[in-house]
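What follows is each chain in one-letter form.
Protein chains: 2
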Amino acid sequence: MAKKIAVLLSGCGVYDGSEIYETVLTLLRLDQSGAEYQCIAPNDAMMHVINHMTGEEMPESRNILVEAARLARGNIIDLADAKAEEYDGLILPGGFGAAKNLCDFAVKGTEMSIRQDVIDFVRSFHKAMKPVGLMCIAPVMVPQIFGEKSICTIGTDPDVASAVTAMGGEHQDRSVDDICVDAVNKVVTTPAYMLASGIFDASKGIFALVDEVLSMIKKYN
Amino acid sequence: MAKKIAVLLSGCGVYDGSEIYETVLTLLRLDQSGAEYQCIAPNDAMMHVINHMTGEEMPESRNILVEAARLARGNIIDLADAKAEEYDGLILPGGFGAAKNLCDFAVKGTEMSIRQDVIDFVRSFHKAMKPVGLMCIAPVMVPQIFGEKSICTIGTDPDVASAVTAMGGEHQDRSVDDICVDAVNKVVTTPAYMLASGIFDASKGIFALVDEVLSMIKKYN
Numbered sequence: 001m002a003k004k005i006a007v008l009l010s011g012c013g014v015y016d017g018s019e020i021y022e023t024v025l026t027l028l029r030l031d032q033s034g035a036e037y038q039c040i041a042p043n044d045a046m047m048h049v050i051n052h053m054t055g056e057e058m059p060e061s062r063n064i065l066v067e068a069a070r071l072a073r074g075n076i077i078d079l080a081d082a083k084a085e086e087y088d089g090l091i092l093p094g095g096f097g098a099a100k101n102l103c104d105f106a107v108k109g110t111e112m113s114i115r116q117d118v119i120d121f122v123r124s125f126h127k128a129m130k131p132v133g134l135m136c137i138a139p140v141m142v143p144q145i146f147g148e149k150s151i152c153t154i155g156t157d158p159d160v161a162s163a164v165t166a167m168g169g170e171h172q173d174r175s176v177d178d179i180c181v182d183a184v185n186k187v188v189t190t191p192a193y194m195l196a197s198g199i200f201d202a203s204k205g206i207f208a209l210v211d212e213v214l215s216m217i218k219k220y221n
Numbered sequence: 001m002a003k004k005i006a007v008l009l010s011g012c013g014v015y016d017g018s019e020i021y022e023t024v025l026t027l028l029r030l031d032q033s034g035a036e037y038q039c040i041a042p043n044d045a046m047m048h049v050i051n052h053m054t055g056e057e058m059p060e061s062r063n064i065l066v067e068a069a070r071l072a073r074g075n076i077i078d079l080a081d082a083k084a085e086e087y088d089g090l091i092l093p094g095g096f097g098a099a100k101n102l103c104d105f106a107v108k109g110t111e112m113s114i115r116q117d118v119i120d121f122v123r124s125f126h127k128a129m130k131p132v133g134l135m136c137i138a139p140v141m142v143p144q145i146f147g148e149k150s151i152c153t154i155g156t157d158p159d160v161a162s163a164v165t166a167m168g169g170e171h172q173d174r175s176v177d178d179i180c181v182d183a184v185n186k187v188v189t190t191p192a193y194m195l196a197s198g199i200f201d202a203s204k205g206i207f208a209l210v211d212e213v214l215s216m217i218k219k220y221n
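Residue numbers (the UniProt record's numbering), protein chains in the order written: chain A, 1 to 221; chain B, 1 to 221.
No wet-lab data here; the hints were simulated from the structure. All values reported here derive from a predicted model rather than from experimental measurement. Don't take each hint at face value.
The list treats identical chains as interchangeable, and a pair is accepted whether it falls inside one copy or across any two copies.
[Said to hold, decoys possible] Here are the simulated PhoX-like pairs of lysine-lysine, each with C-alpha atoms no more than 25 Å apart in a straight line:
#	residue 1	residue 2
1	LYS4	LYS204
2	LYS83	LYS127
3	LYS83	LYS3
4	LYS149	LYS108
5	LYS204	LYS3
6	LYS4	LYS127
7	LYS3	LYS127
8	LYS4	LYS83
9	LYS127	LYS149
One chain only, chain A, in its complex shape (with noise of 0.2 Å):
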């Protein structure tokens, strides 16, 4: 039977919701490999709309999840519907959304709080020894949610590095085309936009990243 992930997004754009090209390239390598996926997104307003052409916020409210459905093709479930129990495993692109939407790490830094059905959602597949990969920002979520000691990457950074040690992460320095994984929590974390010159710059880790949890769902069920 093929293995099925779940993919939870954020919206749609780098500026205020998922990364388009991470969510894609993700959606891409899964079914290249023969796995298939059920993306998935809160359904509560976004922090913000932002223009995407002159970085401006606009004066107007959209909802996360009707959003994150045009990266979705209209396939998409609420978070609140959503059954751990029903994958083998989960995957969390990147994009400013991850930070504004999931959790409130762009404003908040290191007294940022997660919200609650992320964090619950994510801890059900953890409990259940399943993988979990997350991408571009959204491994700042790392250390609340696994707990002290967890290991991630979001590149080179310093500041954002020196944000995950404070939250009692362990932060390991890695190429855009590298993973990082912590075997004991089955958490793998790729840098991609935090380092990406382009779009098949990024390809090279997210593909890893899809690689590696596919591979621990085929070492560990």
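With chain A held as given, fit chain B onto it using these hints.
Below, chain B alone, put in the same frame as chain A:
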């Protein structure tokens, strides 16, 4: 010097803009091949905004260029400012945006008209004998732009194929992993999500289209 391809977008999301996977797979293949690209879109209101969860129209207005900027990570220019002479070829991804925002095929069928700025931009490539690739529903614009007997595919849908013929084009059936080449007009088309069962499936014809467009540049420049 790297070949540079213009990618003409129509929004961000399959039901009212550019199909996201088709666009990202195009950009990935261009980058993998060492080609450069520039995303471009008309600076105008979208025909309408579709909720991608429900398929219903939303009571709001969005701008084609501003929404397409999400797909380009902000690196996009207004079609009004784009100069065909700066590019070696042009690719138009599909999605309903191609049939709603670039032309009005989605509502008018064979009575459709194409935005004049889109006609002018694409014809500038044609006049310079530079290749143009179109995927999914976008090839319905081929007959009006490239003239009688221009050859294209939209896959195998009999109604859309008949519409292409009725507008003066020559339609050829193709499978999702194949391309249709009009060597005289240097037009390359592929069905993409007119037929694709998934993103890996879609990638086959899209990668072949990009490869053929780049190969035509190498051959004729």
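Checked against the structure, which of the hints given earlier come out wrong? none
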